[in-house]
Amino acid sequence: MSSSNSRAARKARREWTSRSIGSGWQHQSFYLMIRFGGRRAAYLLLYPVVFYYVLLPSVRQKCRYYLERRFPGGGAWARFKNSYRMTLELGKVLVDRALVGILGPQQVKVSLHGQQDLLALLAEKKGLILVNAHVGCWQVAMSALGFMETPVNLLMQREEGDIDRHYFEHAGIECPYRIIDPRGFLGGALEMIEVLKRGEVLSVMGDRMLGKDRNGVDVSFLGGQVRMPFSAYKLASATGAPIVALFSYKTGPDSYELKLYRTIRVPHDLGRGHDVFVPYVREFSATLETFCSEHPFQFFNFFDMWQNSVAESDPEPDSLT
Amino acid sequence: MSVKEKLKRVLIEDLNLEDVEPDEITDDMALFGEGLGLDSLDAVELVVIVQKHFGVEIKDMEEGRPALQTISTLAKFIEDRLA
Numbered sequence: 189m190s191s192s193n194s195r196a197a198r199k200a201r202r203e204w205t206s207r208s209i210g211s212g213w214q215h216q217s218f219y220l221m222i223r224f225g226g227r228r229a230a231y232l233l234l235y236p237v238v239f240y241y242v243l244l245p246s247v248r249q250k251c252r253y254y255l256e257r258r259f260p261g262g263g264a265w266a267r268f269k270n271s272y273r274m275t276l277e278l279g280k281v282l283v284d285r286a287l288v289g290i291l292g293p294q295q296v297k298v299s300l301h302g303q304q305d306l307l308a309l310l311a312e313k314k315g316l317i318l319v320n321a322h323v324g325c326w327q328v329a330m331s332a333l334g335f336m337e338t339p340v341n342l343l344m345q346r347e348e349g350d351i352d353r354h355y356f357e358h359a360g361i362e363c364p365y366r367i368i369d370p371r372g373f374l375g376g377a378l379e380m381i382e383v384l385k386r387g388e389v390l391s392v393m394g395d396r397m398l399g400k401d402r403n404g405v406d407v408s409f410l411g412g413q414v415r416m417p418f419s420a421y422k423l424a425s426a427t428g429a430p431i432v433a434l435f436s437y438k439t440g441p442d443s444y445e446l447k448l449y450r451t452i453r454v455p456h457d458l459g460r461g462h463d464v465f466v467p468y469v470r471e472f473s474a475t476l477e478t479f480c481s482e483h484p485f486q487f488f489n490f491f492d493m494w495q496n497s498v499a500e501s502d503p504e505p506d507s508l509t
Numbered sequence: 010m011s012v013k014e015k016l017k018r019v020l021i022e023d024l025n026l027e028d029v030e031p032d033e034i035t036d037d038m039a040l041f042g043e044g045l046g047l048d049s050l051d052a053v054e055l056v057v058i059v060q061k062h063f064g065v066e067i068k069d070m071e072e073g074r075p076a077l078q079t080i081s082t083l084a085k086f087i088e089d090r091l092a
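Residue numbers (my numbering), protein chains in the order written: chain A, 189 to 509; chain B, 10 to 92.
No lab work stands behind these hints, which were simulated from the structure alone.
Here are the computed lysine to aspartate or glutamate pairs in the EDC-like style, where the Cα-Cα straight-line distance is at most 16 Å: (1) 13/B to 32/B; (2) 385/A to 72/B; (3) 385/A to 71/B; (4) 68/B to 89/B; (5) 297/A to 445/A; (6) 447/A to 477/A; (7) 61/B to 457/A; (8) 385/A to 66/B; (9) 385/A to 69/B; (10) 61/B to 22/B; (11) 313/A to 337/A; (12) 15/B to 36/B; (13) 13/B to 33/B; (14) 15/B to 88/B; (15) 68/B to 388/A.
Across the chosen pairs, the derived CB separations fall in these ranges: (16) 28/B to 256/A: 41 to 47 Å; (17) 371/A to 27/B: 25 to 31 Å; (18) 18/B to 478/A: 41 to 47 Å; (19) 224/A to 42/B: 51 to 57 Å; (20) 42/B to 439/A: 45 to 51 Å.
Glycine is no exception: its CB is placed at the ideal position from the N, C-alpha and C atoms.
Chain A with its partners taken away, still in its complex shape:
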């Protein structure tokens, strides 16, 4: 990786933030629409708002990184249309998430594909690692995992200043999951081992680097190389826990599906090297490609994932993701 590429990657990271688009009052407007008019009213407001945002070149650029790889060769109109669809799908997901919190879980029906497989994996008593991605609406879809009767732990880092609220915050209830903060002691490594040893479920995002880039490996994704974290696979190797790639997607105005796409088995004691985990991260990236082919507008990474491989000396916080 050349130094100019590394510089570009660092620049891309600085420009990108997971903080939500829109100001506080704009979010409040949507919450108000949901309270007084339900989903339909919020969606009605959403269409022009999304149209306005997609007119902004900066928003279209954020969509373009992914769309150019998923739909190569499209013209300007096709790119605009696809940017609109992608942003609209994200908007709907955010509305649905707020809807569940404000009006209750009955607002969204979630069906699960792979329930028996999940139960069989849990019965192995080695814990279970759910590797998710920024697709569909994982927060809502996770509500379909109650049948497991096992505590679910989420590795989650909240961006400072993020005004977007999770559904349990809307509902004013305690978070149904135990949150492990990757900025904690040793990136939350000990806590993650602990929950897996107890046979619990650990949910992590597998598509986005949050900490040091050396905690990731390069794998192919949609025709280019992206860096994805391998911590989940290392944890699986250390604890014997099976991994499942579990993705959610919206199937109708009030319905989602949560599907077990693939079970990934990582051999025990693979050791310290990075490269030994590449085949398993590759399994995940291939599964994510399958998802993108099936649900092209429900992939929500709005930054240049392909600008990877930051130099080793990059002074970022130590984290397992």
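With chain A held as given, fit chain B onto it using these hints.
Here is chain B on its own, set in the frame of chain A:
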């Protein structure tokens, strides 16, 4: 061989610490960050190493946090569990 000596040896071997000799690792050397230079991913490996070579399990944060500071604290943790 003392627990500390064995610990230094297995850390070098299992973590592939290149160009490091056991006697270069001081007892009060920090395991993570400055010192031995391990990172969060190595913590996962370290838990496995302690169990594999000493038969001692680091079960949770409560016991892991004070133990995973220096060679001395980790060796003492192992010795206490073996006692």
